[in-house]
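The listed protein sequences derive, respectively, from chains R and L. The numbering of the first sequence is the numbering used here, which starts it at 36 and goes up by one. The numbering of the second sequence is the numbering used here, which starts it at 36 and goes up by one.
The set of hints was computed from the structure by calculation and includes no laboratory data. Hints may be right or wrong, so weigh each one.
[To be verified] Below, a list of computed lysine-lysine pairs in the DSS-like style, where the Cα atoms sit at most 25 Å apart:
id: 1; chain 1: R; residue 1: 318; chain 2: R; residue 2: 116
id: 2; chain 1: L; residue 1: 116; chain 2: L; residue 2: 275
id: 3; chain 1: L; residue 1: 78; chain 2: L; residue 2: 116
id: 4; chain 1: R; residue 1: 116; chain 2: L; residue 2: 42
id: 5; chain 1: L; residue 1: 120; chain 2: R; residue 2: 120
id: 6; chain 1: R; residue 1: 275; chain 2: R; residue 2: 318
id: 7; chain 1: R; residue 1: 42; chain 2: R; residue 2: 72
id: 8; chain 1: R; residue 1: 116; chain 2: L; residue 2: 120
id: 9; chain 1: R; residue 1: 120; chain 2: R; residue 2: 71
id: 10; chain 1: L; residue 1: 275; chain 2: R; residue 2: 120
id: 11; chain 1: L; residue 1: 116; chain 2: L; residue 2: 318
id: 12; chain 1: R; residue 1: 361; chain 2: R; residue 2: 318
id: 13; chain 1: R; residue 1: 47; chain 2: R; residue 2: 71
id: 14; chain 1: L; residue 1: 318; chain 2: L; residue 2: 274
id: 15; chain 1: L; residue 1: 318; chain 2: R; residue 2: 318
[Claimed, not checked] Going by beta-carbon spacing under 8 Å, a handful of chain L positions derived as facing chain R:
id: 16; residue: 65
id: 17; residue: 68
id: 18; residue: 71
id: 19; residue: 72
id: 20; residue: 84
id: 21; residue: 107
id: 22; residue: 109
id: 23; residue: 112
id: 24; residue: 121
id: 25; residue: 124
id: 26; residue: 125
id: 27; residue: 247
id: 28; residue: 248
id: 29; residue: 249
id: 30; residue: 298
id: 31; residue: 351
Note that CB positions come from ideal geometry on N, CA and C, so glycine has one too.
There are 2 protein chains.
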Amino acid sequence: MTKIGIKEIAAKAGVSIATVSHAFRNPGRVSDETRKKVLDAAKKIGYTPNKLAASLRTSRSGNIVVIIPDISDSHNSEIIKAIEKVAHSRGFSVLLGDSQGSEEREREFAAMTVSRQADGIILMSHRFPFTIGEDALSIEDLPPVVSGCEVSGYDGIPAVAIDDVRAAMDATRHLVSYGHKDIAVITGDLDSTSSRDRLEGFRGAMSQAGLTCNEDLIIRAEYSLHSGEVSAESLLLNKKRPTAILCFSDEIALGCMYALRQHGFSVPQDMSVMGFDNIPFAKYFSPPLTTVAQPAEDIGSACATTLLDLIEGNQPENLRNLLPHKLLIRESTRRLS
Amino acid sequence: MTKIGIKEIAAKAGVSIATVSHAFRNPGRVSDETRKKVLDAAKKIGYTPNKLAASLRTSRSGNIVVIIPDISDSHNSEIIKAIEKVAHSRGFSVLLGDSQGSEEREREFAAMTVSRQADGIILMSHRFPFTIGEDALSIEDLPPVVSGCEVSGYDGIPAVAIDDVRAAMDATRHLVSYGHKDIAVITGDLDSTSSRDRLEGFRGAMSQAGLTCNEDLIIRAEYSLHSGEVSAESLLLNKKRPTAILCFSDEIALGCMYALRQHGFSVPQDMSVMGFDNIPFAKYFSPPLTTVAQPAEDIGSACATTLLDLIEGNQPENLRNLLPHKLLIRESTRRLS
DNA sequence: TTGAAAGCGCTAACAT
DNA sequence: ATGTTAGCGCTTTCAA
């Protein structure tokens with residue numbers, strides 16, 4: 036099979052390569068007749084443009100990379116699915132940057148913009164993968180980046196998120212309204228702004244309610260089933276037991292409920308448990324999980340839309356796009372009587 | 036900031052551009068001294084090679100695309116995570132091809148190989164996204180493809196999978212050994228070989244046990260929580276109720292248990308439920324789900340390894356790579372007494 | 001409306 | 001060991 040490119044089509048259609056190129060991407064600049072001729076020739080000969088060559092020429096790869104700590108986390112995979120959907124609809128492809136929490140990998144993925152493999156970055160990690168100066172970059176010539184989870188310390192970059200402080204307050208108030216006073220919390224990584232904000236919201240709501248937080252009941256964990264399980268166990272060792280546990284992710288909450296069950300506690304009779312995210316499984320669990328829903332799909336879409344706008348040269352009007360959260364009261368929390 | 040490329044480094048280091056190129060990719064062909072000079076210059080000036088240009092020249096994008104019906108399905112996301120891991124370790128990037136079940140999208144993603152955006156395809160969907168002849172391709176010049184889930188009808192392409200027939204037999208035998216005779220099954224899409232194979236395994240094991248399958252108890256569904264829920268409800272309408280339900284995915288099983296609970300049935304007291312896959316949540320569920328574990332991570336790694344070998348010109352020795360499954364008996368099935 | 005021609009930044013013969 | 005040079009396949013002025 037002889038290699039086929041724009042040249043072969045040009046020959047076949049009896050036009051110049053420039054015309055072939057135009058026929059494909061600037062249909063307006065060629066007569067309908069020639070365009071048809073070209074398209075026919077292309078179809079007949081089975082031609083697909085080499086996107087690499089076009090990308091090199093235009094310095095536009097048509098790819099975006101999404102840097103995400105763990106793609107198998109349910110909440111994350113919902114988001115990335117939404118990202119892919121809008122990217123695809125706008126002619127972009129998405130490169131998967133599962134960093135497994137490693138900063139080095141995050142930087143490698145981020146570097147794909149400088150090696151021209153990607154035109155922009157969606158950052159679902161809390162670290163910023165460039166060092167101004169050291170990467171020989173000034174802040175102006177950072178590649179297009181949007182954060183989907185509140186990067187710490189870089190105010191210039193657009194971010195999409197929920198209001199974590201208020202979301203955690205809402206969650207806490209729910210527990211308080213159910214009569215809980217001894218409330219434990221299992222956080223995510225406190226390096227991330229979102230976890231810190233949620234903790235702040237929790238403390239705020241507690242103090243507004245005139246309740247004191249018992250610091251021994253605040254466990255720092257990771258967003259995973261296993262971490263939830265382990266954390267719950269350590270909580271059970273505490274001499275002062277909580278009556279409710281607020282978990283900063285549904286996976287944590289589910290792991291937590293598992294551990295509780297293993298140790299003979301039933302939820303919500305013996306202890307109330309709340310999650311965060313509203314992953315699809317939350318509703319199906321037994322008991323169905325009370326949680327603060329994040330609009331995962333909207334977050335993903337908004338990230339992608341913002342990034343693509345940025346790539347296409349439109350600054351977003353507001354850098355902080357706060358999406359609404361929603362308290363979902365199901366059956367894992369109960370009113371203390 | 037002036038545009039910087041290999042030329043600038045060459046100038047800065049006082050060598051030719053060929054030498055710069057070699058310094059980066061054929062370290063053996065330059066003296067240590069010059070190489071150091073080049074690397075220093077590159078570092079000082081903040082240079083990263085333009086991979087697009089290299090790709091165009093070598094016709095190797097360094098990308099693979101994974102076509103998958105739903106990336107937010109837990110089992111799938113485990114697999115894709117493993118794929119990403121080995122791809123990354125071998126210097127490849129992965130393009131996400133979430134097809135949402137659409138054949139058209141699958142073809143679009145597959146076409147990324149012909150437009151040179153990807154060097155190969157991992158197919159987690161059961162449809163083959165090329166039509167020999169129509170895509171003006173003969174079977175020889177298909178791009179490198181490996182299937183992670185038994186594509187129907189294309190024997191030539193390497194596949195990685197478990198032995199679905201035997202896996203389903205093992206599952207069925209477990210149920211039978213627990214005294215179940217009226218066993219329902221909720222399948223996945225029967226267009227897929229794996230679902231059909233599982234069904235075949237089920238029937239085989241039933242007949243080996245001298246039991247007859249009640250066709251009314253075989254429900255065709257999709258691999259999702261919701262589909263499991265709906266299917267279980269339709270099962271409950273049946274006049275002859277099963278004592279056990281074999282689900283062809285854990286998500287189906289979890290959805291199924293939810294529906295059962297909603298209707299006042301408790302698992303496993305009133306009905307036994309089994310899943311397939313062993314997604315991380317399976318163990319954490321209440322009751323913990325009895326299931327047939329698939330080695331998701333190994334499947335992903337094997338797919339990626341095979342594909343990359345293929346891309347690098349090595350034919351795999353065997354086209355069918357069958358990985359072991361494992362029966363995991365937990366608490367969602369009970370012995371009939 | 002169409003075509004000629006100059007690259008995009010790099011790789012890899014081939015020559016020195 | 002290093003340099004010269006001819007492209008990879010396309011886009012895009014600029015001129016006809």
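Results of checking the hints against the structure:
{"no.": "1", "hint": "318(R) - 116(R)", "verdict": "20 Å, holds"}
{"no.": "2", "hint": "116(L) - 275(L)", "verdict": "42 Å, violated"}
{"no.": "3", "hint": "78(L) - 116(L)", "verdict": "32 Å, violated"}
{"no.": "4", "hint": "116(R) - 42(L)", "verdict": "40 Å, violated"}
{"no.": "5", "hint": "120(L) - 120(R)", "verdict": "23 Å, holds"}
{"no.": "6", "hint": "275(R) - 318(R)", "verdict": "30 Å, violated"}
{"no.": "7", "hint": "42(R) - 72(R)", "verdict": "14 Å, holds"}
{"no.": "8", "hint": "116(R) - 120(L)", "verdict": "19 Å, holds"}
{"no.": "9", "hint": "120(R) - 71(R)", "verdict": "31 Å, violated"}
{"no.": "10", "hint": "275(L) - 120(R)", "verdict": "43 Å, violated"}
{"no.": "11", "hint": "116(L) - 318(L)", "verdict": "20 Å, holds"}
{"no.": "12", "hint": "361(R) - 318(R)", "verdict": "14 Å, holds"}
{"no.": "13", "hint": "47(R) - 71(R)", "verdict": "13 Å, holds"}
{"no.": "14", "hint": "318(L) - 274(L)", "verdict": "32 Å, violated"}
{"no.": "15", "hint": "318(L) - 318(R)", "verdict": "17 Å, holds"}
{"no.": "16", "hint": "65", "verdict": "21 Å, violated"}
{"no.": "17", "hint": "68", "verdict": "24 Å, violated"}
{"no.": "18", "hint": "71", "verdict": "19 Å, violated"}
{"no.": "19", "hint": "72", "verdict": "18 Å, violated"}
{"no.": "20", "hint": "84", "verdict": "6 Å, holds"}
{"no.": "21", "hint": "107", "verdict": "4 Å, holds"}
{"no.": "22", "hint": "109", "verdict": "7 Å, holds"}
{"no.": "23", "hint": "112", "verdict": "4 Å, holds"}
{"no.": "24", "hint": "121", "verdict": "12 Å, violated"}
{"no.": "25", "hint": "124", "verdict": "11 Å, violated"}
{"no.": "26", "hint": "125", "verdict": "13 Å, violated"}
{"no.": "27", "hint": "247", "verdict": "32 Å, violated"}
{"no.": "28", "hint": "248", "verdict": "28 Å, violated"}
{"no.": "29", "hint": "249", "verdict": "27 Å, violated"}
{"no.": "30", "hint": "298", "verdict": "14 Å, violated"}
{"no.": "31", "hint": "351", "verdict": "24 Å, violated"}
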